[in-house]
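Starting from the given sequences, assemble the full structure and let the hints guide the process.
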Amino acid sequence: MNPRRALAVARKSLSQFRHDRRTLGFIVVMPLFMVVVFGFTFGGSVSHVRTLVVNDDSGSVASRILGNITGDTLDLVPATDLAAAREEVRLGRAWAILHFPANFTANVPLRTATVEVILDGTAPVIVGAVLGELRGAIEATLAGSGAPLTVQRDYVYGSEDTRSIDAFAPGVVGLAVLMVTTLISVIILVREKGGGLLERLFATPLRPSEFVLGHALALGTLAIFQSLVVLAAAILIFQVEIVGNLALAFAFLLLFAAGNQGLGIMMSAAARNELQAIQFIPVILFPSLLLTGVFFPLEAIPTAFRPFSYAVPLTYAADALKGIVLRGWGLGELGLDLVVLLLYDALMLFGATVLVRRQA
Amino acid sequence: MTVPKGPAIAASRLSKRFGPVEAVRDLTLEVPRGVTFGLLGPNGAGKTTLLRMLLGLARPSGGSAEVLGNTIPPRSVLPRIGYMPQELAVYPDLTVEENLALFGRLVGLTEARIAARTREVLELVDLGARRGELVSTLSGGMKRRTSLAAALLHDPDLLLLDEPTVGVDPELRATFWTYFRDLTAAGKTVLITTHYMDEASRCDLVAMLHRGSLLARDTPAAVKTSTNTANLEDAFLALVRRQGEA
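Keeping their order, the protein sequence lines are chains A and B. The opening position of the first sequence corresponds to residue 1 in this note's numbering, with each subsequent residue numbered one higher. The opening position of the second sequence corresponds to residue 1 in this note's numbering, with each subsequent residue numbered one higher.
Since the hints were derived computationally from the structure, they do not count as laboratory data. For glycine and all other residues, C-beta sits at the position ideal for the given N, C-alpha and C. Be careful, since some hints might not be right.
Here are the computed lysine to any residue pairs in the SDA-like style, where the Cα-Cα straight-line distance is at most 20 Å [claimed, not checked]: (1) A:193 with B:88; (2) B:224 with B:205; (3) A:193 with B:56; (4) B:5 with B:19.
Selected chain B positions facing chain A (Cβ under 7 Å, derived; list incomplete) [stated by the list, open to error]: (5) 59; (6) 83; (7) 87; (8) 93; (9) 94; (10) 98; (11) 106; (12) 107; (13) 135; (14) 138.
Structural data, given as structure tokens:
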């Protein structure tokens, strides 16, 4: 292994990016676009859900509960007739009905009070929002009335102000690094293979391992640059809070990027041209988007699919990044992620070294 | 200049098969040091496959070969070999000098030596004024000249040039041949593949390949005499006919 030759390859790739402003722009703009789109769509909570209220309660508890439903999540609209309210839901003009029966207040001390919630269940997010708001209001109402049960929240990490975007911003950085390092690696290799460049390089003393290491260095540098831009955008635009050590987060991103470019080189063995190379986009994107806990926690993935989640490297990279950024974790808590990513790197870089020589 | 002993290239019963196709057949060939050696034959004759085997880019199916005294693959002598492939093997999205610097670093030249040699070789291929431009913005001929400059940069002992004069105008082609002569006079060996038979007359020695087999290896004049022909193209056709009859 000659470091000077590996550095020559890294320098070559970085010079290529420097001259190719459009690709450089894509590398930065694509993840920024992802953060902005996901930030505005997933990041905000549900708001202005039209909810009809049929309050037949002769006492005061129902009114107090309704008074505790504040904020803009639900738009409470009083209704007098339950049947007419149901028709509104049926016609899609309202998402839910909160029905407090006549003896509601009287039944509270007897522990038989029931709120009837009638829902359009076609949007689980809205169902969750309606039930969540109602539960919160009931808790708040009963807490002040000497009820036997209260819920006290104590956050180990995060707070009640933690938003979805805070939770997924670190994962989006991982996802962006995955897409860029893998795809650019495939495309670079396919281009070099097609133009006889790979053959020309290996007609010099350059070894396959030096070529792979050089590319890993170049794409790792690119990944760090990209992550800096995305994190800066997350902090400046969405006020995402970073709790942990950013240097450690970047170290994990480098580790992840190195494995990804190896994966890209291996994939390029199966692609004869750039058109075939871009066919790998869905192969990489969908499992990484849906199975890895970037947007949904692994617990939200059906048990039968979880083994697939554990087989996707982004699961570990995203876990490490979230652990560092959101929880302030250090290496002590990230042992498994570190070991898996090191193994990923070893396997991918070895595979790439073997396959790159055969492609020359 | 003292020329080291032993041939620059010595191939013995070398062959290469791609499935049912035999690209190089049982080829025994010697290229002495300090000569311009033309490897002639039409497309598909096996010229490029032979060069790829000599560089260690393709594994022979049979036989053996030595390059600058090293058995192939010739890893240890690669820094002493300059290679210009038939394809345009320079980076279009790098400047001319960035391309040269890359290949210079890969063969182990120092940065100072790269700078000095870049000036020299770009002057030779008449690209000095375009050194800072992206290769993608150059004409086809200029791109080929950049590729040749990259092969010459490290002043190699053995130059393997695969169709180096394709797309190069006659005036510059004449300059190249003069330079090849200077190189051989300094003890270097230049192996050129070409399908331009008339151009091959400028070589000290030629070898003619047809469908992977060697038809003849001699001086251009001797090949013409032995076939009783006036030029190398007719000589080649006569040899192909003779091979068919045999």
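Verification of the supplied hints:
1. A:193 with B:88: holds, 12 Å
2. B:224 with B:205: Holds. Residue 224 (chain B) to residue 205 (chain B) sits at ~12 Å (cutoff 20 Å).
3. A:193 with B:56: holds, 17 Å
4. B:5 with B:19: violated, 38 Å
5. 59: violated, 11 Å
6. 83: holds, 4 Å
7. 87: Holds, about 3 Å.
8. 93: Check passed: Cβ of residue 93 (chain B) comes within 5 Å of chain A, closer than 7 Å.
9. 94: holds, 6 Å
10. 98: Holds: closest Cβ of chain A sits about 5 Å from residue 98 (chain B), inside 7 Å.
11. 106: holds, 4 Å
12. 107: Status holds, d = 5 Å.
13. 135: violated, 10 Å
14. 138: violated, 14 Å
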